[in-house]
Amino acid sequence: MKFGGHLAVSKVDLTVDAGGIVGLIGPNGAGKTTTFNMISGVQTPTSGSVHLQGQDVSKVGAHQRARLGIARTFQRLEVFSSMTVRENVLVGGEIRESWARRTPAGPQLLAHSNADLTLAEEVELLLERLQISNLADSLVGELPTGSARLVELARALAIRPKLLLLDEPASGLDETETEHFADLLVELATAGLGILLVEHDVPLVMKVCSNISVLDFGQIIATGTPKEIQNNQVVLDAYLGSGEGAHG
Amino acid sequence: MVPSFGVCHGQYDRARGHYSVIALLSLDWEKFLNFTVSGIVIAAIYAIAASGLVVTYTTSGVFNFAHGAFGMMAAFTYWQVHAPVDRGGWGWSTPASFAFVLLVAAPLFGVFIERVIMRGLEGASEVVKIVVTVSLMLALLGLQAWIWPSTTTRAFPRLFEGWKVNIAGTNITAQTLIVLGSALLVALLLRFVLYKTRIGVTMRAVVDDRALVQLNGGRPYRASMTAWALGTTLAALSGILVAPTLDFNPLTLTLMVVNAYAVAVFGKLKSLPLAFAGALILGLAESYCAMIIKSDQALFGLNIGNLKYAISPIFLFLLLVFQPQARLRSAGVQRVRESWRVPSLKLAAIGGVAIVVVAFALVDLIRTDIDRAPIEAGLIFAIAALSLVPLTGFAGQISLAQLSFVGIGAVVMNRVGTNGPTLGGAILAMAVCAIVGAIIALPALRLTGIYLALSTAAFSLFMTTMFFEQSSIMPGGTITVPGLDLGFFHSKTHGDQVILLAIVFAVLGVFVVWLRRSSMGRRLTAMKDSPVACATLGLDLTRTKIGVFSLSAAMAGLAGALMNRSVIPGEFALTSSMAVTMLAVVGGIGAVGGALFGGMLLGPFQTLVPTLMANNALGVFKFFEVAVKDLMRVAPGMMGISLGKNPSGAISQLGDAFRPVAGSREASAVAVGGPALLWLLARSGTINNWTFVACLVVAVLAVIPAVPTLIQPIPGGRALPAGMTAIAMLVGVGLIDWSTAFTSSGMRILGIFVAVGVTAAAVRAVHGAMPPLGAEPGPNPDMVGIHDPLSLSDVHEAERAIGVKEADFGPAA
Chain C
12 MKFGGHLAVS KVDLTVDAGG IVGLIGPNGA GKTTTFNMIS GVQTPTSGSV HLQGQDVSKV
72 GAHQRARLGI ARTFQRLEVF SSMTVRENVL VGGEIRESWA RRTPAGPQLL AHSNADLTLA
132 EEVELLLERL QISNLADSLV GELPTGSARL VELARALAIR PKLLLLDEPA SGLDETETEH
192 FADLLVELAT AGLGILLVEH DVPLVMKVCS NISVLDFGQI IATGTPKEIQ NNQVVLDAYL
252 GSGEGAHG
Chain U
137 MVPSFGVCHG QYDRARGHYS VIALLSLDWE KFLNFTVSGI VIAAIYAIAA SGLVVTYTTS
197 GVFNFAHGAF GMMAAFTYWQ VHAPVDRGGW GWSTPASFAF VLLVAAPLFG VFIERVIMRG
257 LEGASEVVKI VVTVSLMLAL LGLQAWIWPS TTTRAFPRLF EGWKVNIAGT NITAQTLIVL
317 GSALLVALLL RFVLYKTRIG VTMRAVVDDR ALVQLNGGRP YRASMTAWAL GTTLAALSGI
377 LVAPTLDFNP LTLTLMVVNA YAVAVFGKLK SLPLAFAGAL ILGLAESYCA MIIKSDQALF
437 GLNIGNLKYA ISPIFLFLLL VFQPQARLRS AGVQRVRESW RVPSLKLAAI GGVAIVVVAF
497 ALVDLIRTDI DRAPIEAGLI FAIAALSLVP LTGFAGQISL AQLSFVGIGA VVMNRVGTNG
557 PTLGGAILAM AVCAIVGAII ALPALRLTGI YLALSTAAFS LFMTTMFFEQ SSIMPGGTIT
617 VPGLDLGFFH SKTHGDQVIL LAIVFAVLGV FVVWLRRSSM GRRLTAMKDS PVACATLGLD
677 LTRTKIGVFS LSAAMAGLAG ALMNRSVIPG EFALTSSMAV TMLAVVGGIG AVGGALFGGM
737 LLGPFQTLVP TLMANNALGV FKFFEVAVKD LMRVAPGMMG ISLGKNPSGA ISQLGDAFRP
797 VAGSREASAV AVGGPALLWL LARSGTINNW TFVACLVVAV LAVIPAVPTL IQPIPGGRAL
857 PAGMTAIAML VGVGLIDWST AFTSSGMRIL GIFVAVGVTA AAVRAVHGAM PPLGAEPGPN
917 PDMVGIHDPL SLSDVHEAER AIGVKEADFG PAA
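Top to bottom, those sequences are chains C and U. Sequential numbering from 12 applies to the first sequence in my numbering. Sequential numbering from 137 applies to the second sequence in my numbering.
Looking at chain C on its own, in the form it has when it is part of the complex:
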């Protein structure tokens, strides 16, 4: 992927298994969001391919990929700011219902029973599990960032994805909220969702991810388990600086 003459992302090879949480970390400008844009179809890569469950989706547009099961959140919030929290999540579900007849969506991973939920029930369930039920009737445009990010997550879950791309979902959350959020991610993954997580909160990434890739200057410089990454000298030099760098 090139921006003008500047190569934003050149060598990226990522695999997310169903039920796995892969962390993608790297300094600002490393190309994390660009990678997300290419996976979700918002930007077209100059070369390379994206496969979902063995199917090549490189040539299909953003909305088609969403229908096939790729959902995402945004680093710069993309909420429907003139609507309430409930409506935001509801719209996600309604958009899913508009295409799910032709391209069946997956199951709702947060539901405990297999009983079919009505859309309204599903929306309430999502609000409850993300602990934003108390905000259901507030306008999203008036929410603080952390809550708005949870709204985006709930909305993404409303389309019942197979792969979820989370772009700095925990920024703006306080400690308790982050802990709850980590538990939620693990629960989603256990239920079979593949998650690709971009996050600056390194302790969170170390805690939830089964695998971590480190991106720098548009290239993956290291891949491995959290423990391997923590001890990788290349990573420490490039990203964590002298090793004291993990913040949050």
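Hint data in this document are derived by calculation from the structure and do not stem from the laboratory. Treat the hints with caution; some may be incorrect.
Straight-line Cα separation of at most 30 Å, DSSO-like style, residue types lysine-lysine; simulated pairs [as the list claims (entries may be wrong)]: (1) U/K430 to U/K167; (2) U/K406 to C/K70; (3) U/K167 to U/K406; (4) U/K404 to C/K70; (5) U/K444 to U/K406.
Here are some chain U residues pointing at chain C (derived, C-beta under 10 Å) [unchecked claim]: (6) E258; (7) M656; (8) Q848.
Far from chain C by the CB rule (all over 10 Å, computed), these chain U residues [as the list claims (entries may be wrong)]: (9) L239; (10) V668; (11) D873.
Ideal Cβ positions, reconstructed from N, Cα and C, are used throughout, including at glycine.
Use these hints to put chain U onto chain C, whose structure you have.
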């Protein structure tokens, strides 16, 4: 029949498999050369105009639809200073006139426009930006007609008349040389300014990130001010250069800008060299077209004599077809400045019934059928404006061609309904408009909003020349639209029409509210808030936009099918469509009431005011004598321009003023009962119609909004005396015989406004503690924390802008 132009008539040589060269040789070289030169000349002018557009658009983010009107005003200013004294000019020399217009008047005007209007548009939605410049264009057209009335004929002098030089058998005039020289100069100058000067670099940087420029010590306001000065000067130059070749006609000069749009789009609205190339293609195409096609030539039964004027719309359409789909981008959440409350279905239904009841009451009160015509016209406009509510209000897409669809509806109804079923005609009209709408909008809808505005403007021009003005479509320049006949109801009189249209408007209005509350309406609103989020949820943006555009076109088509009168092509012109869009937005584009408001402004206001006040000068002060008629020319445009300050439109302000009324049972009763009582008085002949109008306006604007505070007293207020004052004032107004007390309608209307002001002030003064009318404006963001204490939502706003949480930095203040 066709002149011997080879390419057109080349013989296909079967033996050799290519076009015979001999045919090309039969070309009339001198003629070809002449047309080539004139094509290049027109191209040079388009290039100058387009580069002005591009410079202002890239630097300020505002696409100036009034660019052509700037050029038109400059051409007339030039005429004013240059024309001989005996013709009404000031007789200045050519260089002096040139220097004055280009170096003084135009840059100053550009700076003025930037300072007064455009600066306020920062952060406004694209729709508001477009509508403000469209309004500016209409206001300038009004201003032109005011300053230079069309009653005197004016000729635009050619530059250095008579001077010419012969090159290769072609006469090159001074005009031609000046035009070509100007284009070259402009190209070099822009290149130099943008790349070699500090201000130029700032201008280019502003395009990328205004905030960043400011942080780095650049001055973005100075950059956009320079851009507007430069853009206006280029518009002026193109206007002065084109005036001698084109008609010296304000509308022609103003609409020349559509060619500049097409050329600018060739450069993707940002590349100047590509814009110059596009200008060359378009200029030559138009010129060769004029060479090949005779004025009475027909193709498939269509007269293509005017094809020349349709070339730029076609060129633009093709360009859009071949543009790659717009890239989605995550822009982050924008602060939404406009907001409309969505009424419940029940409230919408009550409103619908109220509109129909009022229609019946009005028809009953106005005894002469022809006097009902302005209300009928207003309702047609109101339905056209309502068709924009789903498209523009909900989905955030803009159309400048609604009246073209109204026209198509009228034509279909004429064809089908004149000797056939009128209901079928109306339904077919809607279907045809839906399909045509889908086809013309498809290329633009893949792109961003500005392209839809451009392509609908081009479509409107195309329809006027290539469809409505065709003798096969409107024989003799007019057709009659038959009235709707449903068996039990056949619309014949203006009175029937008012009732019918009120019912149609009410039903469509309830439908629009239902749509907004449905999942489709939520999806449209979501798409307006964040297209990229919708796409990543699986919404097909293009298909959704096409759907809503078709719906909008069909609604407009229905309005056309129900016109029930003779129509002419001029009614469906681009400027009229623009006025509809403008007033729909002025009224409040997200609300059904806004459409009614906008339509009524356009209908009755436009037809009544000039006739009622034709010779009515507001001679309040002898030294400031302004003809009301002329003021009315500029007023609607001015309203549109004011949108930058209040993007929600008039209806939401009115709504804010009346919301407490709806919340109180007693106040609602007064609001319904008062006007009903007045109507009974008028109906029984106790008061005449003018007195009725005066009392009604005073009651609605000055008394009813005050009722809630009178019923639920505020501490410190004297509700009872204030209420008595209101009633006394109303009775006082009612005792005046408004039809004889004033000598003219102008003074009468002025009197009504005075009565409203005095009554409102009196009630307020007696009460002593009444809250101000309308909603309190929010705190000025620049002053937050300085004059106003920080509120929780300010903190949230700041947090999300920076992306951090205040709590992270320790205890909150």
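message = Going through the numbered hints above, which ones does this structure break? Give me the numbers in ascending order.
response = The structure breaks hints 3, 6, 8, 10; every other hint is satisfied.
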